[in-house]
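Chemist: Dock chain B against chain A, hints included.
Number of protein chains: 2
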Amino acid sequence: MDLFTQKSFVVEYWQYVLPIATIIFTVILVNITRKVEKPKQKIPVGKINKESVVKGGLPDDEPSFDAGEELTPALEGVGHIPYPGIRVPHPGGINGFYEMANDRRSVRKYSSRPVDWRLIEKCIHAAGTGPSGAHTEPWTFCVVGNTEIKQQIREIIENEEYTNYAQRMSRQWTTDLLPLRTNFIKEYLTEAPYLVLVFKQGYSVRPDGQKKQHYYNEISTAISVGILLCAIQSAGLNSLVTTPLNCGPALRTLLDRPASEKLLVLLPIGYAADDCEIPDIHRKAVNEILVKY
Amino acid sequence: MDLFTQKSFVVEYWQYVLPIATIIFTVILVNITRKVEKPKQKIPVGKINKESVVKGGLPDDEPSFDAGEELTPALEGVGHIPYPGIRVPHPGGINGFYEMANDRRSVRKYSSRPVDWRLIEKCIHAAGTGPSGAHTEPWTFCVVGNTEIKQQIREIIENEEYTNYAQRMSRQWTTDLLPLRTNFIKEYLTEAPYLVLVFKQGYSVRPDGQKKQHYYNEISTAISVGILLCAIQSAGLNSLVTTPLNCGPALRTLLDRPASEKLLVLLPIGYAADDCEIPDIHRKAVNEILVKY
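The listed protein sequences derive, respectively, from chains A and B. Here the first sequence is numbered in this note's numbering, starting from 8 and rising by one per residue. Here the second sequence is numbered in this note's numbering, starting from 8 and rising by one per residue.
So here's chain A without its partners, still in its complex pose (with noise of 0.2 angstroms):
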């Protein structure tokens, strides 16, 4: 009997059971797609996600994938000794330091006078000293010195650059430049003896064949890079700091970099031509840069 009106309950209030069941099957299921496509959002590996250091949640390049059984700290068994302090300030203080900074330029001209490639190399070994997030050391210089490699890295730019001034930018942005005289002919490519091109490491692979990830590796490159302008400007050679819109891909194929590397800037090394121009340009005072608490 109990069985039988509870059987005749569902057939009696089927009707409403169903709408219900499915109100419940679609929202399972609409869930189970959601995950699935969640996969699309997700930020790349080797990505920095500034926003979310200064706005809430974790920079994107904290570990992603699993590190496996064992985690093993980046740097093993490092030990502390003391700290000897300061042995070469700059030998002019900081006022010597700061003559030698605000004496450089971004230099769009180049000389072919060939430059001494142990300058190049210990201008490199200077921005290697720059400090990183876990001290992972997360970038690869590439010097390229080779003509017909310029050539390609410039073939490969100017392509972009004529879609990026036509197309891309907006008509602001390529407002803004005017003053600068920049176009999407970039003579200095192939006139400067050499090209850096620095990328960030997203990751590295250990010895064991585990990845070991490169925290806050954009900041860290960034940051070297500031370091290796003044090691440029100490060499006295010229220099100028350039973001090849959407060239990344390309120019890392060519110079056959690995995936976890990305191309954050490319720097043109060497004299500045003897008719070499420059804008008229005045840097801020320190009173509208510096705020004082």
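Any given hint could be a false lead.
If you want the ones that stay clear, here's a sample from chain B, every Cβ over 12 angstroms from chain A, calculated [said to hold, decoys possible]:
hint : residue
1    : Ile93
2    : Glu165
3    : Tyr169
4    : Thr197
5    : Glu198
Among the chain A residues that face chain B by a calculated CB cut under 8 angstroms, a handful are [what the hints assert, rightly or not]:
hint : residue
6    : Val114
7    : Gly137
8    : Trp146
9    : Pro186
10   : Glu198
11   : Val232
12   : Ser241
13   : Asn245
14   : Thr250
15   : Pro265
In silico EDC-like links for lysine to aspartate or glutamate, alpha-carbon gap of 20 angstroms or less [to be verified]:
hint : chain 1 : residue 1 : chain 2 : residue 2
16   : A       : Lys299    : B       : Asp282
17   : B       : Lys218    : A       : Glu295
18   : B       : Lys299    : A       : Glu198
19   : A       : Lys157    : A       : Glu198
20   : A       : Lys299    : B       : Glu198
21   : B       : Lys299    : A       : Asp263
22   : B       : Lys193    : B       : Glu165
23   : B       : Lys299    : A       : Asp123
24   : A       : Lys299    : B       : Asp263
25   : B       : Lys157    : B       : Asp123
26   : A       : Lys193    : A       : Glu284
27   : A       : Lys193    : A       : Asp282
28   : A       : Lys193    : A       : Glu167
Keep in mind the hints are simulated off the structure, nothing from the lab. These numbers come from a predicted model, not from an experiment. Cβ atoms here follow ideal geometry from the backbone N, Cα and C, with glycine treated the same way.
Modeler: Quick look at chain B alone, frame taken from chain A:
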């Protein structure tokens, strides 16, 4: 008759019509919910999406607001002048600079020995000589010497860092940091005589009220931090680059900085404590970071 037939159809197949209608309704509802959620994922103005630079598309700090009818170059009426060449290299050349850069170490324990304000000011001035997209100089250096404000900064950061270390950071990340002896206690934030909070500016406002977009503001500001580190070393001072995870908005509010600015890094500056220790770590050889073409 027709009408009646239709009616009886609806009545008869009500049990099928209801679930189908429910499915459609639920799908629509879930999609509306999804759309409402989307703005959270939208990238805010002023953020540089470096991936887009190397992966395709424009960086996100490409002007996203209407610049008005008149396109005024960011640098109005700028002429060009002959470039006189480098007048102030490093007195010791690139080798001298390398020795100085390589002598720099991250310091986590500071002496209470006071620091001459003029040194700090000149360091910031030097950092301001960095290159920037379209010469926008998109940086603000907030220097905190006030004891109470330093204490407030420490409280904000330690509260967040406790959560970071306990919950947000992966086990691999906190393990990687073990040899550096870092944890959520940040004594240097009150020990060091000065804290420098470096903000990147997404945009500025022209005298006429128009917004002026700051292209590549994050790369530019990070490069200026590299120059700042060289300046601090030049001055015989010690420092440490930190990225206080998730503390940006609270620190921006504390220092009363505008919404156009976002915290990039925080550096304590001072003299190392007498008993300061540093991890016994070494830098990569130049052939590990340089690839020649």
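Chemist: Between Lys157 (chain B) and Asp123 (chain B), does the CA-CA distance stay at or below 20 angstroms?
Modeler: 18 angstroms, holds
Chemist: Have a go at the Val232 (chain A) hint: is there a Cβ in chain B nearer than 8 angstroms to its own Cβ?
Modeler: 5 angstroms, holds
Chemist: Regarding the pair Lys299 (chain B) and Asp123 (chain A), is the alpha-carbon distance no greater than 20 angstroms?
Modeler: Between Lys299 (chain B) and Asp123 (chain A) the Cα gap is close to 14 angstroms, so the pair holds against 20 angstroms.
Chemist: Does the interface hint hold: is Trp146 (chain A) within less than 8 angstroms of chain B, judged Cβ to Cβ?
Modeler: 6 angstroms, holds
Chemist: Take a quick look at whether Lys299 (chain A) and Glu198 (chain B) sit within 20 angstroms of each other, Cα to Cα.
Modeler: 18 angstroms, holds
Chemist: With a cut-off of 8 angstroms on the beta carbons, see whether Gly137 (chain A) makes it to chain B.
Modeler: 6 angstroms, holds
Chemist: Does Glu198 (chain A) pass the interface check with chain B, least Cβ-Cβ distance below 8 angstroms?
Modeler: 14 angstroms, violated
Chemist: Classify the hint on Asn245 (chain A) as holds or violated, based on whether any CB of chain B lies nearer than 8 angstroms to its CB.
Modeler: 7 angstroms, holds
Chemist: Within a Cα-Cα threshold of 20 angstroms, do Lys218 (chain B) and Glu295 (chain A) meet the stated pairing?
Modeler: 18 angstroms, holds
Chemist: Against chain A, does Ile93 (chain B) hold up as non-interface, every C-beta pair farther apart than 12 angstroms?
Modeler: Ile93 (chain B) not clear of chain A: closest Cβ-Cβ about 5 angstroms, inside 12 angstroms.
Chemist: Can we keep the Pro186 (chain A) interface hint, with Cβ of chain B closer than 8 angstroms?
Modeler: With a closest approach of 4 angstroms, the Pro186 (chain A) hint holds.
Chemist: With d taken as the least Cβ-Cβ distance between Thr197 (chain B) and chain A, does d exceed 12 angstroms?
Modeler: 14 angstroms, holds
Consistency with the previously given hints fails for numbers 1, 10, 15, 16, ordered from lowest to highest.
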